[in-house]
Every structure is written in C-alpha cells, then in structure tokens.
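Colleague: Listed below, chain by chain, are the residues.
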Amino acid sequence: MIIRLIGVLLAMLIIHLLTPFWWTILVVPFMLGVFFPHGSWSTIGAGAIGAALLWSLGALYYWINGGTIIADRIAVMAGLPHPWLLIAATTLVGLLSGGLAAGAGYFLRRALIKN
Amino acid sequence: MSERNKHRRAISISFFILCLIGSAGLFYLLHFPHGTIPPAGKLLNPFAGFWQNGEKLNHKPPTLVLAGLRDSVTVIWDDRLVPHIFAENEGDLYFAQGYVTASERLWQMEFQILAAAGRLSEVIGDELLEYDRFRRRIGMIPAARTALAEMLADPETKAAIESYSAGVNAYIDQLDEASRPLEYKLLDYRPRSWEPLGSALLLKQMAWNLTAYALDDLKLTVLRERLGQGETERLFPARPPRTTPIVPPEVKWHIEPPPIPKPPAPFTPRLPERTDHDPKMTARGSNNWVVAGKKTAHGYPLLCNDPHLGLNLPSVWFEIQLHSPSVNVYGVSLPGAPGVIIGFNDSIAWGLTNAETDVIDFYEIEFRDKSRLEYRYNDTWHPVDIRPERLLTREGDTIIDTVRWTHHGPVIYEWGEKRHWSTIPPGTAMRWTGHEPSNELKALLELNRGRNHTDYLAALNYFDCPAQNFVFAASSGDIAIVHNGRLPIRWPGQGRYIGDGRRASFDWDGFIPREHLPRAVNPDQGFLCSANQFPVDAGYPYYLDGNFAPYGRSGRINEMLASGDSLTPGDMIMMQQDCRNPLAAEVLPPMLARLDATGLSETEQTIIDSLESWKYRYQRDRVAPTVFESWWHRLQKNIWDDEFPGTEKSRFRPRRDITAGLIREDSTAACYDDKGTAPVESLTDLIEASFRETADALAESHGPFGPAWRWGRVRGADIHHLARIPGLGRTDLETDGHYDAINATYGTVGPSWRMVVELARPVRAWGILPGGQSGHPGSKYYDNGIADWIDGHIYELFFWSSPNEPGEGRLYRTTMRGER
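Heads up: the sequence lines are chains R and Y, in that order.
If you read the first sequence in my numbering, its first letter stands for residue 977, the second for the next number, and so on.
If you read the second sequence in my numbering, its first letter stands for residue 2, the second for the next number, and so on.
Only chain R is shown next, with the shape it has when bound in the complex (with noise of 0.2 Å):
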C-alpha cells in the first residue's frame, strides 16, 4: 500500500505542477483502482489518503509561506471561524475524491475481469 500511496501522490504531484486541474485527484486514484489494483481496502486506502496528503500538505506548504492573510480572508468568506478549518477541509476535499474514485476504478476493474 505505502508503495501505491507514494506512486498516487508522486503522480498526482508532477500532474498538478503541470497543468491547473483539480481533478486529477479524481482521475489519478481511478487509474490507480483500474491499472494497480492491490486489496479494495488498500486501493482505496491509497487513494484517499494519497490525495488527501498532496492536498493537506500543498495547502499548508502555501499557508506558511505567504499565505496568512489569503487564508484569513478565505476562511471569512467561507464563515468559518478559523483558517485551519480551510486545510481541514482541503483534506477531506482529497479524501473523499481520492477514496471515491479509486474505490470507482478498484470495482471497475473487478465488474469486468473474468475472475
């Protein structure tokens, strides 16, 4: 699993400094589900926690480096009374994506092989 997670978040990194998609944290878990399918568990486990982690830890990376105040502001539009609760919900944001669609990709792959 630590060998899939690792893979997911080095792919999903380079396709995020690459293009400005949000999705990738969908497609990269699914392709993940389709094409390196270990256990349900561990696949998904893989995916949500590999998204969840490049969410998390890109979104902190910014908030300490120039990115107070923008998450001050951000967090009061968003009514939420503090900013961490911004990278919580960046971090559930990559959960639920990442478990999702790699959960989608894992039974894919199961519905259409013979065995």
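Wrong hints could be hidden among the right ones.
Negatives, chain R to chain Y, calculated, CB over 12 Å [stated by the list, open to error]:
1) Ile978
2) Ile979
3) Leu981
4) Ile982
5) Gly983
6) Phe1011
7) Phe1012
8) His1014
9) Ser1018
10) Ile1025
Stretches of chain R that chain Y covers, calculated by requiring three or more beta carbons in the stretch to come under 8 Å of a beta carbon on chain Y [as the list claims (entries may be wrong)]:
11) 1035–1044
12) 1061–1075
Everything labelled a hint here was simulated from the structure, so no lab data went into it.
Glycine residues also receive a C-beta, built at the ideal position from the N, C-alpha and C atoms.
Since the structure of chain R is already known, use the hints to place chain Y on it.
Modeller: Showing chain Y alone in chain R's frame:
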C-alpha cells in the same frame, strides 16, 4: 461462470456504481459554482486555487522580457509597492504603466469596465440584467466609443492608450490558472484581452459617477407641482445660502456673454405616481486648496487635495511615478487608463474636486404612435435613431434591448417600465455632455508634463466632462483655480425642471466659452479653495445650476486659510483631518438655548452637558456628535414631515443648510406647526420633543449613555470589496469625520486619496490611500494604508529623478526589455 463469481461480480458492479455516483456527484458539486458559492474543488486545489494568491504575488521579478517594448524600462517598487517607472520613450512608459497596473489591479480594471458597459451579466449571471440594461440605456458604450474616436484622432493620446492596452495584454498573456487574480477564481471566469475602449469606458464611468449621482430634475418638478415655483425656489434654491464661492469676491467679472435667450413659457410634464429619490446617493465631500508662498512658512506654494468618492477595495486609485525624457510625474492614476489624474511634477501640482454643475437635463418626449419611431419636435415629426444593444448572460442567453435616441439623447425609460434609477423621469430623453466628443485624456497627459500656468490653462481646454474644479500651483509661485468643463449656456432656471422636448426653446444654446468659466489666479488673499460649493458670486453673468454642497466645508477651509499664516505642510495635513462641522456650530446653540432644563432627568442633563462642552468636532471617541446628529435629524423630520408627506424613500425634505438658516433667522415660521395636531407647535416645542425622542432612541439602540454611543461606533464606516465579496472588505471602521466637515468620511464615502504638495525645489509631497497599492486580497499591500488613513497619518512620497538615485525605500527593481 459459477454462482459465486456471478454474485461477486454483481457486488463489484454495485460498488462501482456507488463509487461512480459518488465521484460524479463530488465532481458536480466541486467543479461548478452553486449560487454564490464558488467552485470549491478549483478553489481549494493548493496548486491552482486560492492558496496560490498569497504574498508571493508581491515579489517582483528582476527581469521581464515583454514583446512590444522598444527599449529597456526600469521599474523601482518602493516600500509601499508604488511603482516608479523609468522609460526611454513614451510608448514604453505607458506600456509599462499598463503592465504594472494590471499586475496589481487586473480584476478591478476589467470588472469596472464590465460594470460601466453593462456587461456584468456575462460574468455574474442574469440577475444583473436590469443593471446592465440601465447602463446600455444611458448610452455608456456609445459615449465611450465617441471618446475613443477622439483619443485615436490625436497622435499623443492614441499612442498612450494603445501602448497602455498592449502593456495590459502583455500581463494577461502570461497569466496561467494558478496566477489568475483571486476574484476570477471566486467568480469563476477568465480575463479577456484588454482593448483601448476599456480606458474610454473607465473615464466615462467616472464622468457618469460625478455628474449623475444627484439628479434633481424629477424631484424639483414634482415639488413645483405641489408647492408652486416660488416656494420651491425658496426651499430648494439653485444657489445654496451663505456660500463663500470658489472664485473669491475680490475677482471682478469683466466678461460679455453672448445674448442669452429669454425663458420660454413654463412647461408642465406628465409625472409618475411614485417619485422615489435614490437613498444610495449620499453626500460626498471633496476638497482642494492652494496657498501662495506669501502665506507659507517656507515661502513655497502648498497644494492639497482630498477627492472623496465611494470607497472600495481594491482602492479606487493606483499611485505611480512615470518618468521618461519628456515627463516626470507622480500621483494617482485610474487603474485602466494611462497617465496620472491627480498629482504633481517638478514644476506644477494640480488637484480636483467635482464641479457639481448640472450637465444632465431631461426632456419629455411625445411619440407619434405606439411604434415610437417618430417624436415631435418643432411641430414636425422626427425619426428616432434606433440603436439595438446586445446583452449576453453567463447562462448563455442573448437579449436584444432597443434604445431610442432623439437629438437630445437616449430615452432611458418608457412609461410603465421598471426604473433601475428612480431619479430618472420616465418618458424623457436625457441630454448629457458625456455623450459629446471630448478628449479628457489629452488634458491629463498635458497636465502631467505641464510646466506653468499657461500649460495648465491650455490643458484644461480639452477637459469637458465631468466638469471639475482644477486647483493649481507652480514652483514659480503661481496659484490658480478653474471651475472647468463643458457647461451649457442656460436661461435662468433652464434644466432645473423636466423640459419640453417638443420645443427648441428648451434646448441648450451653446456652451460657456472657456475664457468665461469661473476662474481665479494669484488673488490678493493668497489662497484659493473648492469644496463642491457654488463657484461664483452674484455678479457672474451666466446662470449656473447644480447640486452644490452646503457652506460647511468651504466655509471652514476659507476660515482656516484666511486666518492662517506661515503655513507648513504639517498644518495642511492637520487641516485635511479637521472634522469641525460649521452647521452644527450654528444650530446647536439655539437648540440648546430653547431647551428648558427644568424637568430633565439626570441622564438627560448628562447628555446636555456632553453637548455643551462639545467643539462641533466629529471625533470617533466622542458621544456628543452622535447625540447632536440624532437630535438634529429628528428635529428636521419634525419640522418638515407634515409638510412633505411620504415615506423615507420618497420624501423630499429641504436641505440641512436651508433648515439651519430658518432656525437661525425665523423662529415663528409656519412650518414649525405640526399640521396633523390641533395645538400650534412652536420651534421650542419641536426642539424639546426631538431631544426627548433622541435620548430615548439612543438608549434603546445603544444602551445607557456612555462610550457605546461614541460617534465612530454608531456612525461606522465601511470599505467594501468592489464586488461586495464578504471577507475581502474592511467594515465597521471607527473613524472621525462628517460630510459637512473637511474630513468628510461617512458611511461608505471618504477621502479616496489625500495629497499635500509643497512646490519647493525639489518638490516634496505626502499622500495616502484608504487601502493600498495591491488589488490582491492576499497581499499585505491590499489594505496596509487603512489604519494610518483612519489615524490621520500620511506618507512622504518618493519622487525620484533616476532609477539609481541613492536613498531608502526601494523594495524591488525590475528591468523590462523587449524581445531581441
């Protein structure tokens, strides 16, 4: 296939469908905006969403290669992020201005032109169609096209506006998803390429804002129907009482106007049943003044300006220094237009306040039939010019709106149409000087490089709309002021009421020649000032109408400058903070004198004590201004509401300066009696009743008498984000000020730029914006000036003669060059 396998497969398919629905649902939820909720997936993406809009945008690159530059350009960003641009030629100078302005303010620039042109529905959605239709009806796009044609016909302004556009586009071209300004991400759209028309639209938008915010034609016509002409003119006079005019009385008029037509027979138009005034249109309060060297401590002229506008974030203005072999100017620019609007160079300084002179008139139109293709004029039928306007919406719809133009101008609202601005009379055409060809940019660029009084006057010839009071000082020692613009020649009373569009006698008959405009140069009194007041004394031979400010601010400035001697820049900075209201000084003593102290409760007596020790200064930590304002407001209501029935939205009450005069001069006027009650009320009765209401109402709203009643808290001041996005504005600010004081901060209006210039050699200057240089909400330079602006601090400005001048205050240096 075994039963077990079939079973497993069915489970897999079920899970697949579940996960697919989940993923698709998530995608739908996070990829698209929902109502006012932005697309959360895009926004939260740490690598392209809002996390990318932090402080790193402040870091300026050491070199930039930009196609379109001829030579290399150096930009020094100072410690408040003011760019100082040093270019080898003017094309490069305005190109660089476009680039650096866009790098800080692109979203604001584009949003303002979409708003000006009536195109907000394209990016926000069809809920803004009514607003957009209004912008089309008033002819903003034709007005901007006419202005653009003038700019393109002049080689100097053509080069400036085209280079500026190219610079803006050079910035837009290198944007990617991650570096897109925040608001584009929040509102989910992309910047389009910038066109020179954008600059024309911005200047027209400013013209509209400054000429149309208090349209009185309908209101006065309704009042004349009810009160008669005499009473209307008495209670709502064209020339406000007790004003010290802009042109000092020592100036004698030796001008021979062309023959002015006699007023035609009065005209009674059809009037709508409801006549709301627009409560959004609040008082403003720009000031400018200039002091000659003989009254200053250092012997140099001093020039001050604090133009008051509706305040927003990003800040209305963008500070900049522009330096090339032919110009070296510092001041504030309008994000989206080349050059400097208010500022100084090493020889002259200039400042603006709004002239307030009426340049918008309405004419009742009689159409021949329901097709509304012809209208009556001079007893013949004339065809209307049908101009279709295409409105697009974010939802993908196209709406064609038809605007009918007469020779007066566009018909804005037909009878029965919902009016976005209720001050615009239905069934009338609008004549506006803003629709006529002019090249204000030429005037500004000429001022930017002006060297003396002659250059200044020559530049003003190009400035038509919005009419402004241009104050001027030169390091040679000259001081001057001109009430400048394209002002129609009017017969007395013309344009005050809705005119008859059928008769030529109601049309404008030419414009006041430039050399006849109200003006003064080097007066004996040693100073000149304007504060939106009436410009001239009774000897001036032309009739002027408008929405001139009450005597408060102009009176105070005149009083302070007349009594001042050995004035320093520090005195000027203090003066811009002055928050004494002369109207309060005039009405409060008689109000207190008429209040019978017997029978007052202990609390009421404490309230009275706070008023008696008050110096009429609207300081944020004082409670007296709160009490007085409430008392004075209630007193005005109690005097007038029976004479002028209606709702708070539809009521027209005589203005505060009229009521103040009445209280001072006529203690037995009939208006003091409440017509709704049997006994005859006196002024004293109203003053006492208003006081008791005030004490009760304030206690109810703010608790017992004490610090919670302080002016700063009760009045409040808000600087909202331009698109009113929550979290991006600064609200509930506690500030000093009042609209009849020099520091006319009030609600959402205030000094949009404070500037003090000492015309020494070298020139020294101070300035502050209520916000900051950056338009990026994630930047500390977005609102770093607000605290100092509230506290009355001001920054000394860096005015450099070369990029290599030694000294402090340099933050970044960028060298821009063209592609080799």
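Colleague: Does each hint hold? Answer for all of them.
Modeller: Results for each hint:
1. Ile978: holds (23 Å)
2. Ile979: holds (22 Å)
3. Leu981: holds (18 Å)
4. Ile982: holds (18 Å)
5. Gly983: Answer for Gly983 of chain R: holds, closest chain Y Cβ roughly 18 Å.
6. Phe1011: Label holds. Min Cβ-Cβ 15 Å, cutoff 12 Å.
7. Phe1012: holds (17 Å)
8. His1014: Consistent with the label, His1014 of chain R stays out of reach of chain Y, its closest Cβ about 15 Å off (over 12 Å).
9. Ser1018: At about 15 Å from chain Y, Ser1018 of chain R clears the 12 Å cut-off, so the statement holds.
10. Ile1025: holds (16 Å)
11. 1035–1044: holds (count 8)
12. 1061–1075: holds (count 6)
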